[in-house]
Each structure stands twice: as C-alpha cells, then as structure tokens.
Amino acid sequence: MKTARKNRLLLILTLVAGVGLAALLVSLAFRENLTFFFTPAQVAAGEVRPGQPFRVGGLVIPGSVERQPDGVTVRFRLTDTRAEVPVQYTGVLPDLFKEGQGIVARGTLDGTGLFVADQVLAKHDENYMPPEVADALKAQGAMPDHEMMRKMQP
Amino acid sequence: MIVEWGHFALVVAFVLALAQSVLPLWGAARNRTDWMAVAVPAAWGQGLFLALAYGVLTYAFVVHDFSVLYVAQNSNSTLPLIYRITGVWGGHEGSILLWALILSGWTVAVAAGARSLPTVYAARVIGVMGLISVGFLAFTLLTSNPFERVFPVPADGADLNPLLQDPGMVIHPPMLYMGYVGFSVAFALAVAALLGGRLDATWARWSRPWTTAAWMFLTVGIALGSHWAYYELGWGGWWFWDPVENASFMPWLTGTALIHSLAVTEKRDGFKAWSVLLALTTFSLSLLGTFLVRSGVLTSVHAFATDPGRGLFILSFLTLVVGGSLVLYAWRAPRVRATIRFAPLSRESLLLANNVLLMVAAAAVLLGTLYPLAVDALGLGKLSVGPPYFNTVFVPLMLPLVVLMGLGPLVAWRQGKAADLTRLAGRVGLPALIVAAACLAMLGLGWQRYVLGVSLWLACWTLGLSGYGIAQRLGRRGYALQAWRQLPRGFYGMHLAHAGIALFMIGAGVVSTLEAERVVRLAPGETTELAGYSFRLDSVYPVTGPNYTADEALIVVSRQGRELARLRPQKRLYTVRQQMMTQTAFDAGMTRDLFAALGDRLPDGAWSVRVHYKPMVRWIWLGTALMALGGLLAVTDRRYRLGAARARIGASTPVQTA
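In the order they appear, the protein sequences are chains A and B.
Residues in the first sequence are numbered consecutively from 1, following my numbering.
Residues in the second sequence are numbered consecutively from 1, following my numbering.
By construction, these hints were calculated from the structure, which means they are not laboratory data.
Every residue, glycine too, gets a C-beta built ideally from N, C-alpha and C.
Keep in mind that a hint or two might mislead.
As the list claims (entries may be wrong) - With a straight-line Cα cutoff of 25 Å, these simulated SDA-like cross-link-like pairs (lysine to any residue) come out: (1) Lys98(A) x Met580(B); (2) Lys98(A) x Leu496(B); (3) Lys6(A) x Met580(B); (4) Lys98(A) x Arg489(B); (5) Lys267(B) x Arg639(B); (6) Lys98(A) x Asp242(B); (7) Lys6(A) x Leu404(B); (8) Lys98(A) x Val543(B); (9) Lys98(A) x Arg577(B); (10) Lys267(B) x Leu496(B); (11) Lys267(B) x Arg5(A); (12) Lys6(A) x Leu25(A); (13) Lys417(B) x Ala17(A); (14) Lys267(B) x Pro344(B); (15) Lys417(B) x Arg473(B); (16) Lys98(A) x Arg639(B); (17) Lys6(A) x Leu345(B); (18) Lys6(A) x Ala412(B); (19) Lys417(B) x Asp269(B); (20) Lys98(A) x Leu602(B); (21) Lys267(B) x Arg341(B); (22) Lys267(B) x Val403(B); (23) Lys417(B) x Arg5(A); (24) Lys6(A) x Asp269(B); (25) Lys6(A) x Arg341(B); (26) Lys6(A) x Val356(B); (27) Lys98(A) x Arg473(B); (28) Lys98(A) x Thr582(B); (29) Lys98(A) x Ala158(B); (30) Lys6(A) x Ala273(B); (31) Lys267(B) x Gly469(B); (32) Lys267(B) x Thr582(B); (33) Lys267(B) x Leu410(B).
To be verified - Which residues of chain A face chain B? A partial, calculated answer using Cβ under 7 Å: (34) Asn7; (35) Val16; (36) Leu25; (37) Val26; (38) Phe36.
Produce the complete structure using the sequences and hints provided.
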C-alpha cells in the first residue's frame, strides 16, 4: 500500500500547488483592478493622481454639456455641489443621460485636470440614482427631493 | 373582488406550505406514516393555490386593474397584451411570486415521482422543499404583497420599464428562475439524506437528473440574458461581469461541479460528502443571487427593490438556510466514510481537478462580486472590481479545465493508462494544433493573436476527443445504426455539452479578437467603413409604436458595392415614462453580426451612430444551446427511469452501471 499512499500524497500536493497558484493569480489581478469611487470634491482636492483609473459620480451641471465638432465627443461638468470636474467622453451617451441627472463615469484624469471617461453610466430608471452619487450628495446636504421616490401619480 | 381571492389563495398556499414542511419532517423523525402522508397532497395543494394566485395577478394585468398597486406601477392601458402577461414578473413582487410558483412546480414534480422513493426519504425531501416555500411565501406576504390595493385608483398605470418590453424578457427570467430554483431539489435531496444519515445510491441516482435539469434551465437562462444584454442594452458586448450576471454564473459554476462530482458518487460511490457540500453550496449561491438582485444592494438593471426591509428578510433567510444546512453537514457528514481508491491518472482524479478548478473560479467570482459590497458595508469607501480582474483570473483557470474536460471521458475509472494519453496527444492534440495554426494563417493573423489560437486549438482538441470517444465506443459494436442507438443518451448528452463548450470557445475567441466598433457622426447620405463593410445612413424618419414614438434610421450595409442588409435602429421615447430607449438593429449570421445603434441627434441634423462588426458572435449562444441540449439528453436517459424502478424494489443497494 506504499504506492497508494505515495499517490495520494502526490495528488494532494498537486491540488495544494494548483490552488495556491490560483490564489496568487487572484490576489495579483484583484489588486490591480480595484477601481475606487471619488466625489468631485475629492478630485478637486487632488486625492487622485493623473493616470490612475477611478470612478467619479455627481450631477451633470445643466447647460454644461457641449458637443465637440467631431459630433461624437462630448464635454460636460459634474458636481457634488462643492466642486466640479470637467469630463470628456467619446461615444454614445446612455439613454438616461440628461442635464441635472446623477451619473457615474469611469476613466482617468489627464494632466490638465480633465477627466477622460471611457464609460458613462446613467441608470435605467429616471427615479433611480446611483447609490454612490446619492450618498455623496446626502453628505453635502444637496439631495434632490425627487430622488428614490416610488413614482405613483394618479 | 377577484384580486382579494388571489391574496386569499396566496395565504392558503402559505398554510399548505407550512403543513407540507412541518408535518412530514416531524413524521419522518417520529416514524409516523400518517403525518408523512401529508407531504404529497400538501405539495399539490400548494401548487394549485399558487397557480390560482398567479393567475389572478395575470388577470389583473390583462384587464388593466389599476386599483392594484403593482399593476399600476408596472403596466399601462397602452401596453400590448404580451407585455401585460410578462409584465407580471417585470417588477419585484411579481417576480418573487413567480419564484414561489416555480419552486412549487419543482416540488410537485418531485411529489409526482415520490412513490419510487423510500417513504421516509420522500417525506423529508418534500418537507425541506416546503420549508423553502414557507420562507419565500412569508417574504411575499409580509414584505412584497403583489395584491396590495391603491387608493385613490390612478386613471392609468406608470407603464412597464421599457427595457423589459422586449421578446427576450418574455423567457429570460422564467428560465433563469427554473434553474435557480431547480437547484432546490438537489439541496432538498442532500439535506434529506443528511437528516436520514444515509448517503446511499438512491440519493445519488435521484440527484443526478434533477441537478442536470436545473443546470440545463440555468444555462438557457444565462444565455438568454447574455443575448438580451447584447442587443437590448446596446453596448454590443455579450458578458460584462456585472454583479447580476455573476450572481447567476456562480451557481452555474458550482452546479457544473456538482454534476461531475455526482457522477463519481453514483458510479464509484466516492466524493459523497463533497457532493452534498456542493449541493448545499449551489442552492445557497442561488439564494445569494436572489438576495443580491432583489435587495437593491447592487446598482444594476435588476435592482428595483430598494426597500431595506426586504433585503434584511432575504439576508436572514439566507443566513438561516446556509447556516442551518452547514451545521447539519458538520454534524452528519463525518459519519460518511468513503474509501474509494483511485490512481493519480484516472477519471476520478480528472473529475476532482474539474471540481477544484470550477470551485476556485466560483470563489474568485464571489470575491470580485462581494468585496465591493463588504467594503461599502464597513464604510471603508466605494470601489468596484473591473472586468479585467475577472478576465485575468477566469480565463487561465478555464484553460486547464477545458484541456482536462476532453480527456475525462476517455480515461478509465480507477486506473488510467499513460500510454492512452500520449496516443491522444499525438492523434488529436497535434492535428488540433495544426488546424488552429492553419486557421490563424488563413485569417492572416500573427502569433500575437495567441488568444484566438489557443481557443481554436482547445475547441479542436475538445471536438476531436469527443469524436474519438464516440468512435471508440461505437467501434466495439460496429458502426451500424443499431449501435448508435444502443449507446445511452447520457453519453451523447455529455459529448454534446462538451462540444457546446468548444463552439462557445470558438465564438468567444473570434469575437473578442476580431470584433470592430466605431462611433461616428453621420448625416443622411453619408457612409462610414468598418471591417470592410460600408454603412450608409440613408434617412431618418419618425415612427409611432403602441406606447412610444421613435426616430428610425435606415442604414444600408454593403460590401464591395453589393447590398447586404438594411438595418433599422430606433431611438424610442416611451410616452408614459418619458424615457428614452435605444433599439438596436442587427443583421445576424453564422459568420458575423452587423449591428447598428442610433446615438443622439446633432444640432445640424446629423446623428451620432455606433456600428459594430461582430464575427462569429452567434457561436457563443449556439454553444450554450448545445450545452443545454446535452443536459436535456442526459435528463431523459432511460437508465434514470430504470434506476428509479430498481430503487423501488431494492431499497438502497448500490446499483452499478458501466
């Protein structure tokens, strides 16, 4: 039965090595791909380095949306009522993107303080606000009153 | 008045669920046959009354009864009939009711076959399923009553979320729920076996078809969801590692592991405790998925319930189920001593490796899904885990899994032969490598596109090994039609599902390597080029639907001057909710999809338009369809029916099948 025991040991060692390798892989990938959320006030305070990918959320300032001459690049400003962040996005904006609406954008800051977004999320219900934005606004005491209501008009 | 009858039926169903759980479980513990006999009729009764309640809610939708709050929130007098019927599960309350109805349907299916099970075991299985029903019905009645009235009665409803007004929505949630809830059968079978203290052949033989059936529905549900996201959300991707997608994918991974571990349990009487643990884990992950999706902790399309009371209820229920079943496991499982022997090279080891890889993958997905929630709950900040994490972890884990997947069916139980491996590597691995390299060369791609090369190689490897395996089995019987028909359906089912993985890998590999996308400003008459195709915006004109108005574009796609397709994407405005919706248009084909979405109207009358070229993207869903079909074949395998009959006679003697 010596070989049987040796075999079992071999199997267990292979398994342990495999799982260990996987765990290493997971933790490495995990650390590299965490995307943190910042409010415009935090961005303005310089808490984010240029080039570091992160997400920023806030309200789109009414009147700030400008379409660039190429027709597909859009610039707008996001606010949490304390500070503003200019955002640039190339592509089709989501259906629920509107001025005054809460959105979340993912991207990086360039050297000039412009946030270059590769993704803009506006949520799928006009009464819905991304929780990050809602919390950030609540912290500023600037929660719009239509937020989170169940829409129920006769 | 009818609506009150629906509410009443729901209460009766709840009472019957209590009877279905408490009496049989108590009877099984005290060995009282009369109490155990309650199980089957109570299960049927619960099913009947739930169907009644569900029918009443559907009726309220169909006749526009806006005095029902849920109908008023999710329907409108202009909503087409089909979406009024499917709108029943378009919101939180209705989808929980659908969940309970499906659970009851599975219970009835188990009850219908319960006569072939030992009485005590059957009573326990139905009793455990009854307990789950009690939890969900209490949840419905206490926090999510779909029959709640509203006063004053609104003149019209707030309309169904436009995203859900789509044919894909008609079948995606019921299929997904069939899968989620179907794992409750495997769960109940495992818990009942633990309660009885006997993990015998009856348990394993019964668990296999039920698990495979649930897995089949879950596969279809996930695939439909992926397809729906592909064309309805208009982002052009087919998988986003969105938390909600992950919520359905985790039970799929552990369910797949369970299917394979049950094979060892049934055939070799090994991995018993492990199979039980997998059954518990899989259903727990299904419940976790429900919690994540329904409690509103996730920011997603699906998170429409933002009531914290509901989240708390599901979380407590989840804790109870997971905690309770794990305690039971810790208490009972050590009694099960499985001492099967197998060599490092044997089908058992390969299936063990399959299980380890699938569980590590599920754990990695779980980590990426829950970590942001945990960090948020602890007040340590807000963060998200991006798709690159999932891709870098998941893909390397799947590669060895697919290599081993093809080999598994060709290696003998107990002790495989190393000579077989070298032969297979030479006869299948090498040709597969040559085919993959030739494909790359034909496409004019270099080695830097190794991702595509590897997926093609693995696909050929899998298909080749499946062909080899079938030929080998047939070879012993001659290749006559009779020989084909003699092989068990489960055998074909397995190879079909594995071939499905191969097609999936071809699709995923090709589309992720060769797809092209372009966002461009187009005025009517202008053309843009993408991957050799010309997309010409012909015109944009207004159209009117039953409950929306839209701008529709006519985009003519041609290649080398020959017209190929006319795409008509729309930008809809749903009038009741004043909500914009992009309706994409695509020309589907086995070799490529051409896909167009309208962006915004620019001040000068031009439009921003997004066009995609998606080569072989259909193969992804074709592959998942084959997997589900393989599951169907395996479920309908004759030997499960024979086995059930034999179990009736021979109680618990392990039945050996080759």
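Could you work out which of the previously given hints the structure breaks and list their numbers from low to high?
2, 3, 4, 12, 16, 27, 32, 35
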